[in-house]
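Chemist: When you get a sec, could you build the whole thing from the sequences and use the hints?
Given next are the chains, with one letter for each unit.
There are 2 protein chains.
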Amino acid sequence: MKHNIAISVGDLNGVGIEIALKAHTEVSKLCNPIYCINKYMLNQAATHLNTNIPKNLKISSVDGNFDIKAGALSSESANYSFDSFMHGVCLCKNKQADAIVTMPINKEAWMLAGLEYKGHTDALTKHFKKDAIMMLGCDKMFVALYTEHTALKNVPPLIKKDKLLSFFIDLNKSLPNEKIAVLGLNPHAGDNGVLGDEEIEITNAIKEINKSIGEDLFFGPIVPDIAFTPNFRKNYKYFLAMYHDQGLAPLKALYFDESINISLNLPIVRTSVDHGTAFDIAYKNKANTLSYINAVKSALFLL
Amino acid sequence: MKHNIAISVGDLNGVGIEIALKAHTEVSKLCNPIYCINKYMLNQAATHLNTNIPKNLKISSVDGNFDIKAGALSSESANYSFDSFMHGVCLCKNKQADAIVTMPINKEAWMLAGLEYKGHTDALTKHFKKDAIMMLGCDKMFVALYTEHTALKNVPPLIKKDKLLSFFIDLNKSLPNEKIAVLGLNPHAGDNGVLGDEEIEITNAIKEINKSIGEDLFFGPIVPDIAFTPNFRKNYKYFLAMYHDQGLAPLKALYFDESINISLNLPIVRTSVDHGTAFDIAYKNKANTLSYINAVKSALFLL
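Keeping their order, the protein sequence lines are chains G and F.
Positions in the first sequence are counted from 1; adding 1 to them yields my numbering.
Positions in the second sequence are counted from 1; adding 1 to them yields my numbering.
It should be emphasised that the hints constitute simulated quantities derived from the structure, not laboratory data.
Heads up, some of the hints might be wrong.
The list makes no distinction among identical chains, and a pair is therefore deemed to hold if it is satisfied within one copy or across any two copies.
As the list claims (entries may be wrong) - In silico lysine to aspartate or glutamate, DMTMM-like type, Cα no more than 25 Å apart, as pairs:
1. Lys141 <-> Glu259
2. Lys208 <-> Glu77
3. Lys161 <-> Asp68
4. Lys208 <-> Asp281
5. Lys161 <-> Asp140
6. Lys180 <-> Asp281
7. Lys130 <-> Asp84
8. Lys131 <-> Asp64
9. Lys119 <-> Asp217
10. Lys238 <-> Asp281
11. Lys174 <-> Asp99
12. Lys96 <-> Asp64
13. Lys208 <-> Glu109
14. Lys235 <-> Asp281
Modeler: This is how it looks when you write it as C-alpha cells:
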C-alpha cells in the first residue's frame, strides 16, 4: 500500500508547481501525492507552463484565487502558499496524509502579507507549540541548525548551556544512537578563549548531554572551518551548526541539488526541497526536480 | 634564474618542518628555498623525523634552541616560530629573498608566549603598518576575508560602509580588473531587512567602489549559502567573505588539501599553507605537502 503524501505548492509565482508537475509521474510511483491547491489555480499554472495536467492527479482543494505572475513578490501568492501549507499540515493531523512535503515559500512575500512566521519551520514550531528542528542534507551528510533565521548579531547571545542542552535532548530523541558533530561558534572554535568564549557553554552542554544519555554521542565543539573537510566528514554524517550559514554554506557548496530540508521534533513528518522560490527561473522550464524527489523519498523513509 | 624564497619553519612542535623537508627536492626545482632555522634545531627536527638533511639545503640562521616536543603547546616553540617568520620577512625587505612562504604557527602558543598578534597576517599588518588582506584558496576559487580572527559577536559592528569601502579599495588594488562576489552578513543576505540590516552598508559600499573605479567589479551582497553553490561558482573566482568561517568552511569543504593563504596589500609577497600546526599528526610522517607546494607556486606566480 502506497503512502499518501500531502504536497503544499509553495509560492505559485515561484518554481514549486513546475517541479511538482514535472516530477508527478516519478513521484506517483513512490507514493500517492495529494496536491494542496484548487482546480482554478492549478489550471492557471499549467497554462503558464504550457503543460497538461495528468489525469490521475489528486488535489485537496485550497480556497483562493489570484493571477499568477512569474517571479513577482505578492502578498496574495504569499497567503495562498501559507494556506496550502497549513492545509497539508491538517491533512496529516487528520490522518488523510501520512506526511507533508513542502514546496518553497518566499519569506519576503510572507512579510509583505503580514504573516508573522520566518518560514515553514517557524510556523510549525508555533502551530504545534513544539520546537521544530530544521535539518538539511542528503544521504551523505545532514546539518541540523541550532539557530535558523536569526540575524547574525543575535546568534552569540543564544549560545547558552541550558538552551543548548534542551536542544541536544530534542535532537537526540529525533536521531537516537546517531553521533553528532557539534560545531563551535567562533573562528578556530575560539582558540581556547582567544577568539571568543561561547565554546565554554557548548562544551558544558555536550558534557551534560553525554552524561545524561550515558554515551558519548555529541562531539565538539568542532572547529567550524575544519568540520566539513573531506577527512572530517568521513567520521560524521550528522552535524549541528550554531547558525544558518555556518552549516548551509558548506552543505550547499557540496550537495546543492540533492539536499532536502527535514523538520524534526514534531508530531508529523515534514520534508521539503532545500531551495527557494527561484523567482528568476520561474515558469521557464529550468527548475531541477532532484531535491523534491529526494524530499519525497526522505519523507517515506521517516514514516 | 630561480627566485630565492624564504621559508619560515612555523611551530617546530607541529608539522611544518616535516613538510618542508619532505618537499625540499620538489620545491628546489621551482626556486631556491632559504630555510629560516639554525643548524641545531634543524638537526634535532631531522633526528625526530628519522630523516637526513639534504646536502644542498640552505639555511639562514635564526638564534634560539629548545627541545622539540611533538604536538606540545610551548612558548619556546612559539617564540622561535615568530623569530623565524620575522627573519624571513627581513630577508624579503633586504632583497635577500624575493618572497616568503610561511609554515603554520600556533595561535594559542603565541598567546602563551605573550605574543600580541593573532597570526601571521596580523603581525604583518602591524609590522608594515598596512592593512594586510588575508585571502585563501586555490586556482579554482579564492576567498578574501573582510574580518579574520575576530570573535563572531564582534563581526556585525564592523560592517560599516566607510570601513568596507576602504577595504574594497585595497582589494581592488591587489586584484585589479577582477570581479569580486561580496557576501552578505546575514542568512539570506538579510532577506531585505527581515533577518538583519547590515546588508544596507554592504550595498552602499559596493555602489561607491564601482562608481569610483568606473566599472561594476564588485557584486553583492550575495546570499551567503548560495555563493558557493556549483552554479554560482561558475561565474566568480574571487569571493569576499564578511567573516572567517563564512568563507573558509565552504572553501575547505571543497578544496582543503590544495588551498593556500596569501597576504595581499603588503610591500612583500607572502604565501602560506592553509592548515594549522596539526599537532595530532606531528612527526608521524602523515602530513600532506600539497598546500605547501601550491603556496610556493603561488608566491612565484605573484612575483
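Chemist: Compare the structure with each hint and give your call.
Modeler: Going down the list of hints, with the structure as the test:
1. Lys141 <-> Glu259: both (10 Å within a copy, 22 Å between copies)
2. Lys208 <-> Glu77: neither (48 Å within a copy, 33 Å between copies)
3. Lys161 <-> Asp68: Cα proximity of Lys161 and Asp68: none, with 47 Å in one copy and 41 Å across.
4. Lys208 <-> Asp281: between (46 Å within a copy, 22 Å between copies)
5. Lys161 <-> Asp140: Neither: 30 Å inside a copy, 40 Å across copies.
6. Lys180 <-> Asp281: between (39 Å within a copy, 22 Å between copies)
7. Lys130 <-> Asp84: This pair counts as within: shortest intra-copy Cα distance 19 Å, inter-copy 59 Å.
8. Lys131 <-> Asp64: Classified as neither: same-chain Cα gap 28 Å, cross-chain 63 Å, threshold 25 Å.
9. Lys119 <-> Asp217: neither (34 Å within a copy, 33 Å between copies)
10. Lys238 <-> Asp281: between (33 Å within a copy, 22 Å between copies)
11. Lys174 <-> Asp99: within (20 Å within a copy, 58 Å between copies)
12. Lys96 <-> Asp64: within (21 Å within a copy, 77 Å between copies)
13. Lys208 <-> Glu109: Between copies only: 23 Å across, 39 Å inside.
14. Lys235 <-> Asp281: between (36 Å within a copy, 17 Å between copies)
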